Structures are given as structure tokens and as C-alpha cells.
Amino acid sequence: MIFSAGNTWAQDDISPSRKQAIDSLALEKVRDLSKYISIVGNKDTPWSEANRVIERTLELFADGALMGVSSLSKEEVNYYGVREYLERLMALNYDKVNISWYNIQYISDLERQPDGRYVGVITIYQRFEGTTEEGLRYVDVTKKDVTVYVERKTTQISGRIIGFWDVLLGDIRVSETKPG
Amino acid sequence: MMLIVSLGASFTSCKSSKKAAKKKAAMELAEKTAKAKTDLLAIINDDGRMTLEEKEFKLATIKRMNLEDQEVKDLIVQAEEVLARERAAVERKKEEERMQREKEARERELREGGQFRAINQSLDAVASASDVASANARIREAMAAFAGDDVPVLILISSDGDIKDYDRPTTIRKYLEFIKDQKKSPNKVLNAVLDNNGKIKELELIKK
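In order, the protein sequence lines correspond to chains A and B. Just so we're aligned, residue 1 is where the first sequence starts under this note's numbering, counting upward by one. Just so we're aligned, residue 1 is where the second sequence starts under this note's numbering, counting upward by one.
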């Protein structure tokens, strides 16, 4: 059972060391997502494993979060729910898919909102490489902005109240797409 | 007559040299007393220029002089009080440092394996498995140490005095799958709670 702390989290001032740990935690979640996406996209991943990883990936996101998808051939960016995005990624018509994320960093620091949550934006670069059976390669590099929500919550474990930071990823918006 | 004059002169000379010696002794005592007062005041008002040992040595030297001057005696009492407080503070600091060293040693032991070496090794084995099948086999082996799939796993991300911050709690099954997927084992065991069968029923991890 998890309770939102709300007003019980009265301290506005978080020490620099705690703030740093929270910042790092949110960055780690984005790195975890990067790994999950590469597993789901990888054609060598067994179907059951990919489905299991999709479930784990969904746990990283806030309800209703959207994922932006772009390509070099189209101007517009399409937005999908995270599950749909991952299922489409799994079904991509390539023989080989390699996805990697790099330069993962904050572009907007976590800031406390009136509702007590902290919100920040982390930018990443994604290199997508798909190779068809015929050997044709498609490569692009996309810059994406990930909104992160961090909230202090409490839960009860073995009768003890445990305070934890719940990091949830929000929409992932495409800000730039270039040939790789 | 000559003898009487000579004896008289000798007596006068002896008397005056005794007087001179007495005067000299009095001067020396006054100097010693003045020096003792200066040293005692220096001990009492020291702002850190002297070590505690230096001050204790100086005080002991002054006490050995057994000076009868009342002001010196009062200053000795004051200096003793000051040095007793300083000595107590030094001992307290030493004790705090000793406790801190012991705490760090305990934490290091936990971080570097220690009593949880076997669990840490089983976590690392999952992360370093070469493929999905062997990672799953390592997970099955690791699970043998736990009371069930849903054993709670807490990951401590920061500790600031009494305030402990954790990542969102997970379960051992999910955590083992996480390290399998991420191919990294970033945390080590900080604490494990066992049930009556010797199986882990709660696991607390900390960043390596």
C-alpha cells in the first residue's frame, strides 16, 4: 500500500546531497528506459522476454504518457501511448534493429510544483539503426525531451513506514531528427 | 685588639652576605611567582597556540614549585578546571572518532561483501550472465535464498541524519529481472531480514 505524502512532506529545503541523489535517481530511470527500449527493439530478444520487458517499461511511466516518434521521411511527429509505441517497436519491419541513447542530461532541473511534486526535463539523443533483410540501412538521430516527475511517498513494509522517491516519466517529445 | 676588629669585621660581612642571599632568594621567588602567574594566565587564556600536553606539562611544573602565593594557588585551580574541560573534550572527540571509524568499517564491510557476500555474488552473477537462459538459471539459484517472489526490496539512495530516502520499493523477482535486463548490478546488500526458515524475507540494498 502506497500513500502519497502530500502535506506530510513539509520540508521544502532538501539538503544538496539528498537533491543530488534524487537527480541521479531520475537520470538512472531514463537510462533504464534506454536499455528496455533497446531490448524490446532488438530482433534477437525472444518474444516472451520482450513482452515481460514491456511490462517493466510501463512501470517507469506516468499514466497516459505519450512517446513521440519521428522519421526522416516525414515532417510530423506522431505520438503514441507507451504500450502502443513499444508494441510497434517490437513489430518494426527490419531484420535488425539497434537503438542506443546517449548524452542523457538535464535541460531543466527538478523544480518543486505547487502540488508538491518535482518536475524536470531530461534530454537524450537516440540513434536508431534498422537493417532490412536485403541489407538496406535506415539510420537517424533524434533528440528527445523526457519530462520527469518525482514525488515523495511513503509505504508500509513489515510495519515500518518507508519514505521513498517515486520517479515517473511523462511525455517524451521529439525536438529534432537528423540523418545518422 | 686587632683580633677583635678582625672578628667584628668578619661577623658584619657574614651578616650582610646572608642578607644578600636572602634578598636574592626573595627576588628569585618573586621572579618564579611572576613567571608562574604569567604561565598560568597563558594556560587559562590560551586560544589554541599551545597543545593540551604543553599546557598540562607547564601546569605540572608550576605545581611542583609549591609556591605559597595565594594568587598562584587560585590560578592553579582555574587552570586545572580549564585543562580538565579541554581534556574531556579531547577524550570525547577521540571517542567520537573511534565510533565513526568503527561505523565506517562496518559499512565498508557491508558494502564490500562481508556477511552478505553470497547474496551479493548471486546478484552479480545474474547481471553478468552471458545470455537470457543463463541469467534465468542464475535467478532461479538466487531465488533459493529468498522466502518468495514478493520479498520486498528497498534501495537506499540517500541517508541524511535520520532521514532515509529510498527508490520505489520493488520485489526480489522484479529486482533480479531488472539486473538481468540492465546487465548491471549497481547495488549491494545493506541488510537482510531472515524468516524462521533462514530465508530472506526483506532485503535492503545500497549503491555500491
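Source of the hints: derived by calculation from the structure; they are not laboratory data. Misleading hints may appear alongside valid ones.
[As the list claims (entries may be wrong)] Quick list of the computed label-pair ranges, beta carbon to beta carbon:
#1 B:E53 to A:S158: 30 to 38 Å
#2 A:Y102 to B:P186: 55 to 63 Å
#3 A:Y102 to B:R173: 40 to 48 Å
#4 A:G116 to B:E53: 34 to 42 Å
#5 B:M99 to A:W47: 34 to 42 Å
#6 A:L72 to B:V193: 22 to 30 Å
#7 A:Y102 to B:V193: 37 to 45 Å
#8 B:M99 to A:E176: 53 to 61 Å
#9 A:Q20 to B:E81: 44 to 52 Å
#10 B:V193 to A:N93: 21 to 29 Å
#11 B:M99 to A:G163: 21 to 29 Å
#12 B:A105 to A:E176: 29 to 37 Å
#13 B:A144 to A:G163: 45 to 53 Å
#14 B:A105 to A:V77: 52 to 60 Å
[To be verified] In silico BS3-like cross-links for lysine-lysine, where the CA-CA straight-line distance does not exceed 30 Å:
#15 A:K35 to B:K103
#16 B:K174 to A:K43
#17 B:K188 to A:K153
#18 A:K153 to A:K74
#19 A:K96 to B:K207
#20 B:K199 to A:K19
#21 B:K35 to A:K153
#22 A:K153 to B:K184
#23 A:K143 to B:K201
#24 B:K35 to A:K35
#25 B:K19 to A:K35
#26 B:K19 to A:K19
#27 B:K35 to A:K19
#28 B:K208 to A:K178
#29 A:K178 to A:K153
#30 B:K37 to B:K103
#31 B:K174 to A:K153
#32 A:K43 to B:K201
#33 B:K184 to A:K143
#34 B:K208 to A:K35
#35 A:K178 to B:K174
#36 B:K164 to A:K96
#37 A:K96 to B:K208
#38 A:K153 to B:K207
#39 A:K43 to B:K63
#40 A:K19 to B:K184
None of these values were measured; they are calculated from a predicted model. We put the CB at the ideal spot given by N, CA and C, even for glycine.
The hints, checked one at a time:
1. For B:E53 and A:S158, the hinted distance range of 30 to 38 Å is not satisfied, since their beta carbons lie about 51 Å from each other.
2. Between A:Y102 and B:P186 the CB atoms are about 19 Å apart, so this pair departs from the stated range of 55 to 63 Å.
3. One distance hint, 40 to 48 Å for the beta-carbon pair A:Y102 and B:R173, is violated here, with the actual separation near 31 Å.
4. Evaluation of the 34 to 42 Å hint for A:G116 and B:E53 yields a failure: the beta carbon distance comes to about 55 Å.
5. Restraint check, B:M99 to A:W47: a C-beta distance of roughly 56 Å breaks the suggested window 34 to 42 Å.
6. Judged by the Cβ atoms, the range 22 to 30 Å given for A:L72 and B:V193 is violated: they are separated by roughly 54 Å.
7. Separated by about 40 Å at the C-beta atoms, A:Y102 and B:V193 satisfy the suggested range of 37 to 45 Å.
8. Between B:M99 and A:E176 the beta carbons are some 55 Å apart, a value that agrees with the proposed interval 53 to 61 Å.
9. In this structure, A:Q20 and B:E81 meet the distance hint of 44 to 52 Å, their C-beta atoms being roughly 45 Å apart.
10. Remark: the range hint 21 to 29 Å for B:V193 to A:N93 is contradicted by a beta-carbon distance near 50 Å.
11. A hinted range of 21 to 29 Å for the beta carbons of B:M99 and A:G163 is consistent with their spacing of about 26 Å.
12. A beta carbon spacing of about 51 Å between B:A105 and A:E176 contradicts the range 29 to 37 Å that was offered as a hint.
13. Between B:A144 and A:G163 the CB atoms are about 31 Å apart, so this pair departs from the stated range of 45 to 53 Å.
14. Separated by about 55 Å at the C-beta atoms, B:A105 and A:V77 satisfy the suggested range of 52 to 60 Å.
15. About 36 Å separates the Cα atoms of A:K35 and B:K103, which puts this hinted pair outside 30 Å; it is violated.
16. Annotation: proposed proximity of B:K174 to A:K43 holds, straight-line Cα distance about 23 Å (limit 30 Å).
17. Restraint check: the Cα-Cα separation between B:K188 and A:K153 comes to about 23 Å, which is no more than 30 Å; the hinted pair holds.
18. Proximity of A:K153 to A:K74 is assessed by CA-CA distance (about 42 Å); at most 30 Å being required, the pair is judged violated.
19. Note on A:K96 and B:K207: the hinted pairing is violated, with a Cα-Cα distance of about 35 Å set against a maximum of 30 Å.
20. Proposed proximity of B:K199 and A:K19 is contradicted: the alpha carbons are some 35 Å apart, above 30 Å.
21. As the CA atoms of B:K35 and A:K153 are separated by approximately 67 Å, the hinted pair breaks the 30 Å bound.
22. The suggested pairing of A:K153 with B:K184 holds, with an alpha-carbon distance near 26 Å, which does not exceed 30 Å.
23. With a CA separation close to 43 Å, the supplied pair A:K143 and B:K201 exceeds the 30 Å bound.
24. Taken as a hint, the B:K35 and A:K35 pair is broken in the structure, with Cα atoms around 77 Å apart against an allowance of 30 Å.
25. Taken as a hint, the B:K19 and A:K35 pair is broken in the structure, with Cα atoms around 101 Å apart against an allowance of 30 Å.
26. This hinted pair does not check out: B:K19 and A:K19 have alpha carbons roughly 81 Å apart, beyond 30 Å.
27. Our distance criterion of 30 Å between C-alpha atoms is broken by B:K35 and A:K19, whose separation comes to about 57 Å.
28. The hinted pair formed by B:K208 and A:K178 fails the criterion: a straight-line CA distance of about 38 Å is larger than 30 Å.
29. For the proposed pair A:K178 and A:K153, the alpha carbon gap of about 40 Å is over 30 Å, so the pair is violated.
30. For the proposed pair B:K37 and B:K103, the alpha carbon gap of about 45 Å is over 30 Å, so the pair is violated.
31. Restraint check: the Cα-Cα separation between B:K174 and A:K153 comes to about 20 Å, which is no more than 30 Å; the hinted pair holds.
32. For the hint linking A:K43 to B:K201, the alpha-carbon distance of about 37 Å lies beyond 30 Å, and the restraint is violated.
33. For the suggested pair B:K184 and A:K143, the alpha carbons sit about 26 Å apart, so the restraint of at most 30 Å is met.
34. Of the supplied pair hints, the one linking B:K208 and A:K35 holds, its CA atoms being roughly 20 Å apart against a limit of 30 Å.
35. Taken as a hint, the A:K178 and B:K174 pair is broken in the structure, with Cα atoms around 36 Å apart against an allowance of 30 Å.
36. For the proposed pair B:K164 and A:K96, the alpha carbon gap of about 44 Å is over 30 Å, so the pair is violated.
37. Using a Cα cut-off of 30 Å, the hinted pair A:K96 and B:K208 is violated, with the two alpha carbons roughly 35 Å apart.
38. Between A:K153 and B:K207, the direct Cα distance comes to roughly 20 Å. Compliance with the 30 Å bound is thereby established for this hinted pair.
39. A distance of roughly 89 Å separates the Cα atoms of A:K43 and B:K63; the hinted pair therefore is violated under the 30 Å criterion.
40. Distance restraint check for A:K19 and B:K184: the Cα-Cα separation of roughly 24 Å lies within the 30 Å cut-off, and the hinted pair is therefore satisfied.
The structure does not agree with the numbered hints 1, 2, 3, 4, 5, 6, 10, 12, 13, 15, 18, 19, 20, 21, 23, 24, 25, 26, 27, 28, 29, 30, 32, 35, 36, 37 and 39 stated previously, though it agrees with the rest.
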